[in-house]
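S.K.: In case you want the letters, here they are:
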Amino acid sequence: SQQGEEDPQALSIQEGENATMNCSYKTSINNLQWYRQNSGRGLVHLILIRSNEREKHSGRLRVTLDTSKKSSSLLITASRAADTASYFCATDTGRRALTFGSGTRLQVQP
Amino acid sequence: DAGVIQSPRHEVTEMGQEVTLRCKPISGHDYLFWYRQTMMRGLELLIYFNNNVPIDDSGMPEDRFSAKMPNASFSTLKIQPSEPRDSAVYFCASSLEGWTEAFFGQGTRLTVV
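Just so you know, the sequences run in chain order A and B. The opening residue of the first sequence carries number 20 in my numbering; numbering runs sequentially from there. The opening residue of the second sequence carries number 127 in my numbering; numbering runs sequentially from there.
Since the hints were derived computationally from the structure, they do not count as laboratory data. Check each hint, because a few of them may be wrong.
[Unchecked claim] Pulled a few chain B residues facing chain A out of the computed Cβ check, cut under 7 angstroms:
(1) Pro-134
(2) Gly-168
(3) Leu-169
(4) Leu-171
(5) Phe-191
(6) Phe-200
(7) Gly-224
(8) Trp-225
(9) Glu-227
(10) Ala-228
(11) Phe-230
(12) Gln-232
(13) Gly-233
Every residue gets a Cβ at the ideal spot worked out from N, C-alpha and C, and that includes glycine.
For reference, chain A alone in the conformation it holds in the complex:
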């Protein structure tokens, strides 16, 4: 079964709007990461947040982590058509390998 589940499964917004994706997980984690996958390509790392951190920023990305609720959110501000992709959360549970969620498909309309 998936450790992480993203919500929503699909999201369609207009260019310039903000996109928020959520990830829930089941077991305790050491860190949580977000990845992007463009159609037909491999996954690309976006950001890593450790279990003792609550918020992290990287450019137009903002990630929050609530370990009490076992959830994380990824906010992309001022979205662009180039942000169209699938976004995955991945957790490190101490297994020394990442477990990926089911992903959110983001479509940004120009």
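Got chain A sorted already, so can you dock chain B onto it with the hints?
M.R.: This is chain B only, laid out in the frame that chain A set:
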């Protein structure tokens, strides 16, 4: 570094045939992972290596699947015999530590007919 390199990019084979997927990790990365991606099951971890040693192969679906890492710069994932349900995109990834940023290859799209 050119990143993680996988070959072939696409593979079409007939049921029952042997399939070998190849991966060259980023130099200096101690961890190598094989993932499989399908619409139904998402991204599944099949097996991972640390310093060329298989650590966890609990995700390997059946005995038809095997993986090797003879040296730090090369790994293979073999399916024998292949079945239509093995059709998927297979990704190789590497990282410095198991919990750090993983770098993915472009994947091999396998179609078994």
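S.K.: If a hint holds in the structure, say so; if it doesn't, say that too.
M.R.: Here is how each hint holds up against the structure:
1. Pro-134: violated, 15 angstroms
2. Gly-168: holds, 5 angstroms
3. Leu-169: holds, 4 angstroms
4. Leu-171: Because about 6 angstroms separates B/Leu-171 from the closest Cβ in chain A, which is inside the 7 angstroms limit, the hint holds.
5. Phe-191: violated, 17 angstroms
6. Phe-200: violated, 18 angstroms
7. Gly-224: With a minimum Cβ separation of about 3 angstroms from chain A (threshold 7 angstroms), the hint on B/Gly-224 holds.
8. Trp-225: holds, 4 angstroms
9. Glu-227: This interface hint holds because 4 angstroms falls under the 7 angstroms limit.
10. Ala-228: holds, 6 angstroms
11. Phe-230: holds, 3 angstroms
12. Gln-232: Constraint on B/Gln-232 satisfied, holds at 5 angstroms.
13. Gly-233: With Cβ-Cβ at 6 angstroms, under 7 angstroms, it holds.
When the structure is compared with the earlier hints, violations turn up for hints 1, 5 and 6 and for no others.
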